[in-house]
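Novice: Protein chains in written order, with the numbering used here: chain A, 9 to 335; chain B, 64 to 408; chain C, 4 to 443.
Treat the hints with caution; some may be incorrect.
[Unchecked claim] Cβ pair distances, simulated, as ranges: (1) E269/B <-> S41/A: 37 to 45 Å; (2) D134/B <-> D63/A: 25 to 33 Å; (3) E102/B <-> K61/C: 24 to 32 Å; (4) H23/A <-> E102/B: 57 to 65 Å; (5) D63/A <-> S136/B: 31 to 39 Å.
Worth flagging that the hints you see were computed from the coordinates, not collected in a lab. From the three backbone atoms N, C-alpha and C, an ideal C-beta is built for every residue, glycine too.
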Amino acid sequence: MAERTVIEAVRATMHAEMRRDDSIIVLGEDVGSRGGVFLATDGLIDEFGESRVIDTPLAESSICGVALGAAVNGMRPIAEIQFADFVWPAINQLVGEASKVRYGTNGVKTAPMTVRVPYGGGVRGGLYHSQSIEVLFAHTPGLSVVAPATPYDAKGLLASAIRSEDPVIVLEHKRTYRLVKGDVPDEDYTIPIGKAEIKRPGTDLTIFTYGLMLHYALQAAEMAAESGIDVEVLDLRTLRPLDADGIAESASRTGKALIVQEDTPAVSISSEVAAIIGERCFFDLDGPITRLGPPELPPMPFSPLQEAAFMPSPEKILAAITKLAEI
Amino acid sequence: MSATANIPTNSNQFSGEQLSGERLLELYRTMVLSRYLDERVWLLNRQGKAAIAASAQGHEATQVACIEATDPSKDHYLIYYRQFAAMIALGTEPEEMLRGFLAKESDPMSAARQFPLHGAHPRVDLFNFSNVIATQLPQAAGVALADKLKGSDAVTIVYFGDGASSQGDTHEAMNFAGVHKLPVIFFCENNRYAISVPIEKQMGVESVASRAVGYGFPGVQVDGTDVNAVHEVTKAAVERARAGDGPTLIEASVERLLPHTTDDDHTRYRSAEDIAQMSERDPLLILSALLKRRDLLTDTEDEEIHSAAKKRVNVATDTVDAEPYPGTETMFDHVIEGSGNGGNS
Amino acid sequence: MVFKVELPHVGESVTEAVIGKWLISPGDQIEKYDPLVEVITDKVNMDVPSPATGVLTKILAEEGETVLMGAVIAEMDIGEEESPATSTESPAVEAVSSSPSASRIGTLVQGANVGPTGGEFVDTSLSTDTPVSASANSEAGNGTVRQKGFSPVVTRLASQHGVDLNSLVGTGLGGRVTKKDVLAAVESGGTEAASAGQYRLGANGDDEIVEPSPIRKMIANHMVKSMSEIPHAWSAIEVDVTGMVEWRTANKEQFQSDHGVRLTYLPITLAVVASALESNPRLNSSWHEGKIILKKAINVGVAVAADEGLVVPVVHGAAGTSIVDLAGLLAGVVDRARSSSMTLEDVQGGTFTLNNTGALGSVWGGAIINHPQAAILTTEAIVKRPVVLDRSGVDEVVVRSMMNICLSFDHRIVDGAEASMFLQSVKSGLEAITLESDLK
Numbered sequence: 009m010a011e012r013t014v015i016e017a018v019r020a021t022m023h024a025e026m027r028r029d030d031s032i033i034v035l036g037e038d039v040g041s042r043g044g045v046f047l048a049t050d051g052l053i054d055e056f057g058e059s060r061v062i063d064t065p066l067a068e069s070s071i072c073g074v075a076l077g078a079a080v081n082g083m084r085p086i087a088e089i090q091f092a093d094f095v096w097p098a099i100n101q102l103v104g105e106a107s108k109v110r111y112g113t114n115g116v117k118t119a120p121m122t123v124r125v126p127y128g129g130g131v132r133g134g135l136y137h138s139q140s141i142e143v144l145f146a147h148t149p150g151l152s153v154v155a156p157a158t159p160y161d162a163k164g165l166l167a168s169a170i171r172s173e174d175p176v177i178v179l180e181h182k183r184t185y186r187l188v189k190g191d192v193p194d195e196d197y198t199i200p201i202g203k204a205e206i207k208r209p210g211t212d213l214t215i216f217t218y219g220l221m222l223h224y225a226l227q228a229a230e231m232a233a234e235s236g237i238d239v240e241v242l243d244l245r246t247l248r249p250l251d252a253d254g255i256a257e258s259a260s261r262t263g264k265a266l267i268v269q270e271d272t273p274a275v276s277i278s279s280e281v282a283a284i285i286g287e288r289c290f291f292d293l294d295g296p297i298t299r300l301g302p303p304e305l306p307p308m309p310f311s312p313l314q315e316a317a318f319m320p321s322p323e324k325i326l327a328a329i330t331k332l333a334e335i
Numbered sequence: 064m065s066a067t068a069n070i071p072t073n074s075n076q077f078s079g080e081q082l083s084g085e086r087l088l089e090l091y092r093t094m095v096l097s098r099y100l101d102e103r104v105w106l107l108n109r110q111g112k113a114a115i116a117a118s119a120q121g122h123e124a125t126q127v128a129c130i131e132a133t134d135p136s137k138d139h140y141l142i143y144y145r146q147f148a149a150m151i152a153l154g155t156e157p158e159e160m161l162r163g164f165l166a167k168e169s170d171p172m173s174a175a176r177q178f179p180l181h182g183a184h185p186r187v188d189l190f191n192f193s194n195v196i197a198t199q200l201p202q203a204a205g206v207a208l209a210d211k212l213k214g215s216d217a218v219t220i221v222y223f224g225d226g227a228s229s230q231g232d233t234h235e236a237m238n239f240a241g242v243h244k245l246p247v248i249f250f251c252e253n254n255r256y257a258i259s260v261p262i263e264k265q266m267g268v269e270s271v272a273s274r275a276v277g278y279g280f281p282g283v284q285v286d287g288t289d290v291n292a293v294h295e296v297t298k299a300a301v302e303r304a305r306a307g308d309g310p311t312l313i314e315a316s317v318e319r320l321l322p323h324t325t326d327d328d329h330t331r332y333r334s335a336e337d338i339a340q341m342s343e344r345d346p347l348l349i350l351s352a353l354l355k356r357r358d359l360l361t362d363t364e365d366e367e368i369h370s371a372a373k374k375r376v377n378v379a380t381d382t383v384d385a386e387p388y389p390g391t392e393t394m395f396d397h398v399i400e401g402s403g404n405g406g407n408s
Numbered sequence: 004m005v006f007k008v009e010l011p012h013v014g015e016s017v018t019e020a021v022i023g024k025w026l027i028s029p030g031d032q033i034e035k036y037d038p039l040v041e042v043i044t045d046k047v048n049m050d051v052p053s054p055a056t057g058v059l060t061k062i063l064a065e066e067g068e069t070v071l072m073g074a075v076i077a078e079m080d081i082g083e084e085e086s087p088a089t090s091t092e093s094p095a096v097e098a099v100s101s102s103p104s105a106s107r108i109g110t111l112v113q114g115a116n117v118g119p120t121g122g123e124f125v126d127t128s129l130s131t132d133t134p135v136s137a138s139a140n141s142e143a144g145n146g147t148v149r150q151k152g153f154s155p156v157v158t159r160l161a162s163q164h165g166v167d168l169n170s171l172v173g174t175g176l177g178g179r180v181t182k183k184d185v186l187a188a189v190e191s192g193g194t195e196a197a198s199a200g201q202y203r204l205g206a207n208g209d210d211e212i213v214e215p216s217p218i219r220k221m222i223a224n225h226m227v228k229s230m231s232e233i234p235h236a237w238s239a240i241e242v243d244v245t246g247m248v249e250w251r252t253a254n255k256e257q258f259q260s261d262h263g264v265r266l267t268y269l270p271i272t273l274a275v276v277a278s279a280l281e282s283n284p285r286l287n288s289s290w291h292e293g294k295i296i297l298k299k300a301i302n303v304g305v306a307v308a309a310d311e312g313l314v315v316p317v318v319h320g321a322a323g324t325s326i327v328d329l330a331g332l333l334a335g336v337v338d339r340a341r342s343s344s345m346t347l348e349d350v351q352g353g354t355f356t357l358n359n360t361g362a363l364g365s366v367w368g369g370a371i372i373n374h375p376q377a378a379i380l381t382t383e384a385i386v387k388r389p390v391v392l393d394r395s396g397v398d399e400v401v402v403r404s405m406m407n408i409c410l411s412f413d414h415r416i417v418d419g420a421e422a423s424m425f426l427q428s429v430k431s432g433l434e435a436i437t438l439e440s441d442l443k
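All chains should be built: construct the whole structure from the sequences, respecting the hints.
Specialist: Shown next, in the form of structure tokens:
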């Protein structure tokens, strides 16, 4: 067991996986000598060499397209997109191509590839280093999308993603990289893709969330406890496929659902979670399904006051908890 | 209006070496079979049975000659939608081709989930994930990267047209392959039209092959109607790749004898003279003439080859016409578990 | 075998073509797929391939003639083969206009087709006889609907209007109380919300939940309907049936051997009630859509406790029927009721109901009217009581057989006075019977 930050857990997992399976290669911008701009791949090139840790040209479409080609020819590539904001040129190769390999070849070809994507804001990243990109991928049949928020989950989910026979997008909230520290067992373990986890059990209402917002929600839940409101916090962990059973079980039990998300709410993960709760828990609801998200404007302004106004916070979450609990 | 034809001559570029008579005849038979099947598919479209088809008429020579220089037991072929003759050359039966065009359940490439010629081949490593243009080029670089890492001497051949050469993915793929000296052959079949857009509106240069210098590897132009020239050029590129010397860009000049697909009408953008003139570069006529000149083929034997091909195609058509479409119960096969959320999962 | 050659569809928004040139002549052999005839449209000229192998026998469209798509243009003799499937034209769909005008919506162009990437492809793949391998429809399963519990809107309405949800019979899936059920209860003056006390509504602790049988559900619905629609009022009187008892006791054996039917009080009371209904027609009626329907026939239903619950077989034309015949009819119909072999006629057409609650010892009963009738009469238990009779001006206490009869009636149709008059009719009819009576 060791106490690690999220970035340390990510890095350690890649080291361990690449030792375990020499068909695993890493490719992306600056992943080699530099060790990645967040140091996610620090040390990998020293241990595994240039042939397995590839500094690619500045070209996201081909980072993913090359990864896809290598994946269908016996490798297990981990592609890194330096910032989620740069993923858009790769949509073609990921959503258009990789997601449909198995289905479109009737199972003859499979693409065991992983794409790691640092995302999210609250880092003074402005419009192009703060984006949340999950929606397009989470909508796509043939892709899986995970969003671990803790060091423990980062290791377990990244390992599952790497070992999956199909393409998995791993969304790592960049603010959690150094902010969140926790226990990570040394031994090998995986967390199944598609399972949410109750991070804090409660009885009065459930917060459904993921990413950095998990930690803000937990803080808000502690504050709410002082007022006698007992909040359950469910970490979605996987955004596709969503753990519909887990979501419904918690919402039915507490009867009140608050969905907290950093991505803008319109047509988002929170929309889908709300639909699941509406479909499955209708008769158990004691209050309206409630969503808390940022305002509908391009995420997110660079200047500090506006960035703070944009981002959900523990205080904003507490206000939403209190309001819902009162109904 | 017609695009400027820039047809390289083969006289000063190639050794003039010829394939053996036996191989030439075999290639000719393949081309004739491809031509009859190609025509039949077009007809099936006009009958409302084959929803879409892209013809390889005019491309047959370059496709069969290229394959001839490779090793289907280990090499990789990333094709696009016009590689009809290449698939025949790689041993795809007419029935198998028709199953794709008629969307029958035993379509070997994709069980008719995709357009014809898309999916993965049952016997050789040939695949085509989508009909999005040029996405296969970075994928080909990835396939070649894996071979290099594995220490395999397999070669990856990726096919594309003149239009595809404009896509960002083409640039990115060639760039990557050049950096890493990957065992990949970028094979452009330039018929000078991307649907209706002629080559002078597609690129500022006269030749696709001229761009190779920008990526650090050789680019070669060849007359795509000349089986011997195409074979020689491809063979050299294959040897280069197997030896670890990196990629080659081959540009074969061909005519697109028919419109882009069965949904196109090329009289809307090509003059009647231009269309008529194309038939002078019909590779079947060119090879047939060469074979007869070399006394490898008589008129009677030629007729026999044609009639055998026609019969073969008729048998295949009747067989496949009677086969069933995929039923709805297989629609969810190979859908990743857990797909779908909420109340309907 | 004659094969008809149709002109196939050859282009988008094209419905006809001109025959250009026949490429063979009648009597010529042609193979399937070989070009048969050249046709000309304003979009494209094309050669139509022969749909079959055979001999062209007749040309039905001449060169230069304009022909509609799908029209027969020639005939062929294709020998013994089965004719291949011809493509059928899918019917054109006309747009239906709603509020905006049709021109604003637009209409569909007949024959206009689009191929997968543009073009003019007309898909015939589903119009031929091509076999399809087992095509089970796989339906995405829906999440199961919970049948128990009240939905958010049901609880809200119930609390707003003081409706006791437990008194409602749900018409939703699985017996769920729906929004409509609550609103219906509200409209018909539903019951006050029962005080829930400190217990939860529904099953508590070890309470056993019983699923009602279909008949019980029907009875339940019928009772609710009657109580919620008909304003019930109630009246009762005592009847001295000493004479009837004496008569029956004296005559029952003879009756049984004469007529083969057991003599109970029921045919007697039935005859008296039927006669009373003749003279009090308002008691033999029905309130329907704001009108009082006076029923001509007097068909008295007799409540019978069958195994599965209360059933009410009907004795048709009870008035003017002899007691002997009534006894016979009753025996038959009650027998069928108890053996669950009633016919449709047995249960239809009732205009009044008689319920012998006295058979089980009841002395006062408030029955629920058998909707949509106007009233229901119960005959209670015959009990020997000390009664005060005026014997020649002197009050004496004597022991008499007394039977209460109770009437529930629809107060929209019948007032207390009429109800009492009816009860008096029945009373006097029964009290007129003595040992010496000659009843038939």
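Novice: Confirm or reject each hint.
Specialist: So, going through the hints one by one against the coordinates:
1. For the pair E269/B and S41/A, the beta carbons lie near 40 Å from each other, so the given range of 37 to 45 Å is met.
2. Our hint of 25 to 33 Å for D134/B and D63/A holds, since their Cβ atoms are close to 32 Å apart.
3. Separated by about 28 Å at the C-beta atoms, E102/B and K61/C satisfy the suggested range of 24 to 32 Å.
4. Roughly 59 Å separates the CB atoms of H23/A and E102/B, a value that falls within the hinted 57 to 65 Å.
5. Distance hint for D63/A and S136/B: a CB-CB separation of about 34 Å, consistent with the stated range 31 to 39 Å.
Violated hints for the displayed structure: none, as all numbered hints are satisfied.
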